[in-house]
Amino acid sequence: MKIWHRTFAAALLLAAHPVLGLDFTEVDMTGRRFVPQEVTISVGDTVIWRNRDGFHNIVADDGSFTSGNPNNEQFAFEHTFDKPGIFGYHCSVHGAPGEGMHGKVIVQRSSSEAGNLDPNSSGSWFNPQTDGQGFLIEVSAIPKVFTLAWFTWGDNGAYDWLTAAGNYTGPTATLVLSRTRGGAFNDPKPVQSNDAGTASFRLTGCDTAEFTFSMTDPPRSGTIPLRKLLPDPLCPTQPAAR
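Residue numbering for the sequence shown is -21 to -1, 1 to 221, as defined by mature numbering (1 follows the signal peptide of the UniProt record, and there is no 0).
These aren't lab readings, by the way, just hints derived from the structure by calculation. Glycine included, C-beta positions come from ideal geometry on N, C-alpha and C. No false leads were mixed into what you were given.
Here are the computed distance ranges between Cβ atoms for each label pair:
(1) 115 x 71: 39 to 47 Å
(2) 41 x 170: 39 to 47 Å
(3) 201 x 144: 15 to 23 Å
(4) 71 x 210: 29 to 37 Å
(5) 72 x 189: 46 to 54 Å
Using the sequences and the hints given, assemble the complete structure.
As structure tokens, this is what we get:
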């Protein structure tokens, strides 16, 4: 990361970036605002902040970068983001994390990263065509374990809740389905779990997946298209290539 003072140095920076082949996004500090307040970039991209007027600086909420002490010169400051995430920042004079003069940089994952299961895949998934049922999914990075709870319906219209667990590689988790019976609300009495079949969960995009199952009790099989209930803000603009 670097900081330049005066307009001449800032002009040199603008000329240099196209030659180096870097992608960059500009944010102005004007008055007591960052404009735009929120930007979305990709891993490896650079954000350049320019102080147009005022007594300002840039400080990351987590302390990972800063332009240094505030000053009222027309300066330019850059930082390259080498990992995905949501990075808040503020001016230490006129703001605080999430308050006053503050901003946000959303760094999206690459398409290859978004195409593989990871903890970002955790959450609620459902099929929009069959409202009222779905999956709660948890993905652990270390160890690489995938678990889910499947909330669905039996042929008689009663709840049919199943669980599954297994390992995953790349976009796919291989699972063993279980059905638990014999429980009662808030009752510590032991319950009984039995194998109910096998299944797999495969990402088809950052926020889309396919759930393929083969059940033995009762016998049934199929593939369910799924969508994540709350979209992942770190998903790349273009869907992952499959």
